[in-house]
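S.K.: What follows is each chain in one-letter form.
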Amino acid sequence: MNEVPLTHILFVSTALFFIGMYGLFTRRNLITMLMSIELMLNSVNINFVAFNKYLFPDKLDGMFFSLFIITIAAAEAAVAIAIIINLYRSHQSIDVDDATEMKF
Amino acid sequence: MNTSTIIFYAIAALILGAAILAVTTLKIFRSAIWLLFSLVGIAALYFWMQVEFIAAIQIVVYVGGIVVLIIFSIFLTQQSGKEMDKPAKGKMIFSALAALFGTAFTINLISHYGFNNISAAPFNPSVDEIGMQMLSTTSHGFILPFEVVSMLLLAAMVGCIVIAMKPTEATIVHLNKKED
Numbered sequence: 014m015n016e017v018p019l020t021h022i023l024f025v026s027t028a029l030f031f032i033g034m035y036g037l038f039t040r041r042n043l044i045t046m047l048m049s050i051e052l053m054l055n056s057v058n059i060n061f062v063a064f065n066k067y068l069f070p071d072k073l074d075g076m077f078f079s080l081f082i083i084t085i086a087a088a089e090a091a092v093a094i095a096i097i098i099n100l101y102r103s104h105q106s107i108d109v110d111d112a113t114e115m116k117f
Numbered sequence: 047m048n049t050s051t052i053i054f055y056a057i058a059a060l061i062l063g064a065a066i067l068a069v070t071t072l073k074i075f076r077s078a079i080w081l082l083f084s085l086v087g088i089a090a091l092y093f094w095m096q097v098e099f100i101a102a103i104q105i106v107v108y109v110g111g112i113v114v115l116i117i118f119s120i121f122l123t124q125q126s127g128k129e130m131d132k133p134a135k136g137k138m139i140f141s142a143l144a145a146l147f148g149t150a151f152t153i154n155l156i157s158h159y160g161f162n163n164i165s166a167a168p169f170n171p172s173v174d175e176i177g178m179q180m181l182s183t184t185s186h187g188f189i190l191p192f193e194v195v196s197m198l199l200l201a202a203m204v205g206c207i208v209i210a211m212k213p214t215e216a217t218i219v220h221l222n223k224k225e226d
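Protein sequence lines, in the order shown, are assigned to chains S and P. All residue numbers for the first sequence refer to the working numbering, where the first residue is 14 and numbers rise by one. All residue numbers for the second sequence refer to the working numbering, where the first residue is 47 and numbers rise by one.
Please note that a few of the clues may not be correct.
[What the hints assert, rightly or not] Which stretches of chain P does chain S cover? Using the computed rule of at least three CB atoms under 8 Å from a CB of chain S, they are:
| id | region |
| --- | --- |
| 1 | 83 to 97 |
| 2 | 101 to 113 |
| 3 | 128 to 135 |
| 4 | 172 to 184 |
| 5 | 189 to 203 |
If you are wondering where the hints come from, they were derived from the structure by calculation, not from laboratory data. We put the beta carbon where it would ideally sit given N, CA and C, even for glycine.
Using the sequences and the accompanying hints, generate a full structural model.
M.R.: Shown next, in the form of structure tokens:
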């Protein structure tokens, strides 16, 4: 268990966060952008749990943070998908390039 | 190099490989399935860290909830077999450079920090411990965020229904009258 240092878990979550960021930059489809955001939120959760387990094992605060992040991510995904479906109804497309009415 | 270490690196490779495929594949349905594999890998990482409760929540909420919701919305909004347009070359290169630079910078920072205060105290994330602390009203309890998050979920649920509801004839007439 202790052969894997904390830094290696942090490397995995860092790489996952920047993979999500790459997806957010390159994708133009709203659903795939939402998937990239989910990846980024998950990498943050890994960080919280790893820090809690390795540095502060007598407390549980990191676990609670990840539980609340998971809840808020679920609410966010539900609202985002409702907005996407509504946008599809009015524009017949969910590309960010096609929804430019409110662009300055 | 014992079994536990090998399992960790296998899980890490699964998570990162599936995540890379999820953000680069051009078919949107495949992208959702790769995301599913990545989230299952993260649940496996939680099991490896022996936080079974978070792993169970991860599977229930993400794999069973969010990915299914995403797949439903894919079916509602487009032809899943169709390929998406490739992102522009320049944007792809600069995004990859930004991501690589960010990864290298952060990994450099982490590896130089050297976490010295690794604690050897026993870690006990049992479900009754979590439940007691979640609903406790003492100074280390989480009852207030718990209640606030329940209000947030209610608001999100009502908001989703209102946003996705088809406007009825009465509201359309009302809106048209306002415009006149």
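S.K.: Look at each hint and say if it fits the structure.
M.R.: Evaluated hints:
no.: 1; hint: 83 to 97; in the structure: holds (count 8)
no.: 2; hint: 101 to 113; in the structure: holds (count 6)
no.: 3; hint: 128 to 135; in the structure: holds (count 3)
no.: 4; hint: 172 to 184; in the structure: holds (count 4)
no.: 5; hint: 189 to 203; in the structure: holds (count 6)
The structure is consistent with each of the numbered hints, conforming to all of them.
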